[in-house]
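S.K.: Read off the chains here:
Number of protein chains: 2
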Amino acid sequence: MQDRITLSHGGGGSMTRELVESVFLPAFGSETLALLEDSAVLRLPPGRVAFTTDAFVVRPLFFRGGDIGRLAVCGTVNDLAVSGAEPRFLSVAFVIEEGLETEILRRVARSIAQAAREAGVQVATGDTKVVEKGAADQLFVTSSGIGEVPEGRRLGAAEIRPGDRVIVSGTLGDHGIAVLSEREGLRFSTPVSSDVAPLNGLAAAALAAGGVHAMRDPTRGGFAAAVNELAAQAGVGAELREEDLPVRPEVQAACDMLGLDPLTVANEGKLVLFAAPDTADRVLAALRAHPLGGHARIAGEATAAHPGIVVVGTRIGGRKILEMPFGEGLPRIC
Amino acid sequence: MQDRITLSHGGGGSMTRELVESVFLPAFGSETLALLEDSAVLRLPPGRVAFTTDAFVVRPLFFRGGDIGRLAVCGTVNDLAVSGAEPRFLSVAFVIEEGLETEILRRVARSIAQAAREAGVQVATGDTKVVEKGAADQLFVTSSGIGEVPEGRRLGAAEIRPGDRVIVSGTLGDHGIAVLSEREGLRFSTPVSSDVAPLNGLAAAALAAGGVHAMRDPTRGGFAAAVNELAAQAGVGAELREEDLPVRPEVQAACDMLGLDPLTVANEGKLVLFAAPDTADRVLAALRAHPLGGHARIAGEATAAHPGIVVVGTRIGGRKILEMPFGEGLPRIC
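Each protein sequence line maps, in turn, to chains A and B. If you read the first sequence in my numbering, its first letter stands for residue 1, the second for the next number, and so on. If you read the second sequence in my numbering, its first letter stands for residue 1, the second for the next number, and so on.
These are computed hints drawn from the structure, not numbers from a lab. The structure displayed is predicted, hence computed values, not measured ones. Among the hints, erroneous ones may be present.
One-sided excerpt, in silico: chain A residues whose CB lies under 7 Å from chain B [as the list claims (entries may be wrong)]:
| no. | residue |
| --- | --- |
| 1 | Ala40 |
| 2 | Leu42 |
| 3 | Arg43 |
| 4 | Arg48 |
| 5 | Phe51 |
| 6 | Thr53 |
| 7 | Ser83 |
| 8 | Ala124 |
| 9 | Thr125 |
| 10 | Phe140 |
| 11 | Leu260 |
| 12 | Asp261 |
Rough simulated footprint, nothing fancy, chain B against chain A, three-plus residues with beta-carbon under 8 Å [claimed, not checked]:
| no. | region |
| --- | --- |
| 13 | 8-15 |
| 14 | 87-96 |
| 15 | 127-135 |
| 16 | 172-182 |
| 17 | 220-230 |
| 18 | 318-326 |
We put the CB at the ideal spot given by N, CA and C, even for glycine.
All chains should be modelled from the sequences, with the hints used to inform the complete structure.
M.R.: Below is the structure:
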């Protein structure tokens with residue numbers, strides 16, 4: 001296998017086969033994938049199936065705590081998990097810029113395989129395209145996923161009721177600041193790591209506690225986008241307490257310096273949950289008992305008042321509206 | 001909605017929502033997609049499920065007979081169909097270069113919707129990312145698909161036996177030459193149109209005739225890659241007749257001019273089938289009775305001799321080996 005990817009590696013001939021056999025199959029080692037047919041044929045139990053897709057264009061490809069491969073697996077697994085599904089199978093499609101070092105692709109493939117193992121999912125099928133130098137920025141990865149939705153499980157904005165508690169599973173803004181620090185070469189006394197992690201185990205723990213009505217993973221647009229979207233779709237308002245929206249001091253410091261609100265910065269390993277008031281404490285305890293939920297908090301509640309409006313009570317006793325971010329914040333953060 | 005796509009449209013905030021609501025929802029109009037949850041939750045009957053993914057980077061985005069949107073739907077539907085599955089649900093993920101005209105995205109979305117209607121599949125979920133000007137070439141589309149595999153259906157290279165007839169469903173090389181003509185501004189007296197079409201109906205007709213052991217859609221690498229791959233995986237050889245591998249005169253003329261072998265040029269609306277000798281005539285008749293299979297031919301047969309080697313008997317009585325293409329042929333043809 002050559003040191004760099006060439007256009008021929010995307011041509012569908014013997015060079016493509018060499019790439020698959022020397023880079024992807026050793027990493028993924030999936031029996032299904034190894035058949036090299038046009039589709040993977042899978043067995044699923046009867047019932048509902050969740051299906052999701054995400055494109056990843058993060059820059060740089062590698063950052064403290066993760067890389068584009070781990071991000072692709074976790075982003076897809078987490079979209080399935082917050083829909084109440086148990087993630088089972090993933091696809092990965094690569095768009096590669098001609099000249100990319102093969103070793104970079106190998107590292108990304110190994111990272112995909114590692115994250116898939118953590119999440120208990122199988123990489124079932126994939127595709128590779130190569131474009132000329134300058135027609136893409138190194139590497140884009142699109143991952144799709146299939147999960148099983150257990151019978152009787154109902155989750156989603158439509159289930160949210162006024163009085164539901166709003167719960168966050170940990171500190172907010174870590175991923176976005178980690179990527180931005182890497183990209184801009186910022187140095188902090190305490191470096192920020194991305195929180196990118198598969199959340200299916202954490203979500204299952206929360207669901208087992210009972211009374212969870214809706215979940216989101218607050219990625220692009222951060223906590224602010226996730227909670228505004230859920231409130232708008234559910235037709236409820238929300239009243240939150242700033243002191244119960246945990247932000248690491250180093251993330252807050254970076255945001256202050258950059259003029260960002262950490263509540264609008266992407267997370268890749270956190271959940272926002274709406275849970276019935278009588279089970280919220282049990283959900284909180286279940287989250288805290290999980291390695292990825294140690295800093296979980298009940299941050300406030302859904303209200304019948306001011307539907308679609310999210311209000312945060314500040315530490316100094318004020319009240320401010322937490323708006324849906326416009327979108328200008330941080331490009332290529334995932 | 002603005003005339004051009006900006007980075008903010010990929011930020012996950014209100015601008016992303018505006019893009020989804022003004023471009024994608026009107027085109028796809030899918031009830032599932034309209035829920036705007038992180039995953040689509042679908043119902044599938046019990047049984048086996050086929051899962052596939054493909055990235056599309058074709059240049060230019062629009063060409064005679066199709067565009068990147070139609071290509072994405074058909075490519076994915078066809079990968080499912082040749083696996084013996086009945087395609088049901090698609091996802092589409094867009095990577096957009098900042099500055100792309102919104103109208104281009106609208107045209108692509110409408111084309112996706114049209115092709116999905118033709119194929120009888122539903123666009124269930126999607127994603128949009130935007131990268132800076134120069135970090136991608138206009139638009140890349142990655143599509144994944146889910147199909148149902150009827151109980152008892154067994155298709156694949158492992159089912160191929162020596163003596164099986166090799167059948168092609170029509171003329172070879174049309175798609176690649178259509179895209180290349182558009183890209184290079186070539187003019188022919190009879191312009192070549194891409195054959196891009198959903199093949200699930202054609203595949204179903206062939207399967208209903210009985211005795212089909214394996215199918216492929218000969219895309220990148222063309223007929224040569226598809227038949228070599230199947231022969232190698234099945235451990236058989238193949239003996240084919242050049243005069244029964246149909247090539248349009250205008251495609252042959254373009255290939256002669258460009259120094260290409262039409263058997264290595266991509267198709268997006270053709271099937272290669274291996275069928276039992278006693279049912280091959282019925283399969284041929286079924287293909288020919290379908291609007292997409294009028295030029296179908298039995299082109300030769302699988303052999304126990306020279307496993308993995310595909311031999312073509314030429315019109316002038318010679319014999320040549322049809323090799324697996326290396327990959328250098330035509331970049332960004334799909």
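S.K.: All hints are to be evaluated individually against the structure, with a verdict given for each.
M.R.: A quick look at each hint next to the structure:
1. For Ala40 of chain A, the interface hint holds, the least distance from its beta-carbon to any beta-carbon of chain B being 5 Å, beneath 7 Å.
2. Residue-level restraint check for Leu42 of chain A holds (minimum Cβ-Cβ distance to chain B is 5 Å; threshold 7 Å).
3. Hint status for Arg43 of chain A: holds, given a least beta-carbon distance of 6 Å to chain B, under 7 Å.
4. At a threshold of 7 Å, the smallest CB-CB gap from Arg48 of chain A to chain B is about 5 Å, leaving the interface hint in force.
5. Restraint check, Phe51 of chain A versus chain B: the minimum CB separation of about 5 Å is within 7 Å; hint holds.
6. Taking 7 Å as the C-beta contact cut-off toward chain B, the hint placing Thr53 of chain A at the interface holds, the least distance being around 4 Å.
7. A hinted interface residue such as Ser83 of chain A counts as satisfied when its beta carbon comes closer than 7 Å to some beta carbon of chain B; here the least separation is about 4 Å, so the hint holds.
8. Hint status for Ala124 of chain A relative to chain B: holds, with the closest Cβ pair at about 6 Å, below 7 Å.
9. The restraint placing Thr125 of chain A at the interface with chain B holds, with a minimum CB-CB distance near 6 Å, inside the 7 Å limit.
10. For Phe140 of chain A, the interface hint holds, the least distance from its beta-carbon to any beta-carbon of chain B being 5 Å, beneath 7 Å.
11. The closest approach between the C-beta of Leu260 of chain A and any C-beta of chain B is roughly 12 Å, which is over the 7 Å cut-off, so the hint fails.
12. At about 12 Å, the closest approach between the beta carbon of Asp261 of chain A and any beta carbon in chain B exceeds 7 Å, and the interface hint on this residue is violated.
13. Counting residues of the region 8-15 of chain A whose C-beta lies closer than 8 Å to any C-beta of chain B gives 8; at least three are required, and the coverage claim holds.
14. With 6 residues carrying a beta carbon less than 8 Å from a beta carbon of chain B, the region 87-96 of chain A meets the three-residue requirement, and the given coverage holds.
15. Look at the region 127-135 of chain A against chain B: 8 of its residues bring a Cβ nearer than 8 Å to a Cβ of that chain, three or more, so the hint holds.
16. Judged by the Cβ-Cβ criterion of 8 Å, the region 172-182 of chain A is not covered by chain B as claimed, because only 0 of its residues qualify and three are needed.
17. Only when three residues or more bring their CB closer than 8 Å to a CB of chain B does the claim for the region 220-230 of chain A stand; here the count is 4, and the claim holds.
18. Counting residues of the region 318-326 of chain A whose CB lies closer than 8 Å to any CB of chain B gives 3, so the stated coverage by that chain holds, three being the minimum.
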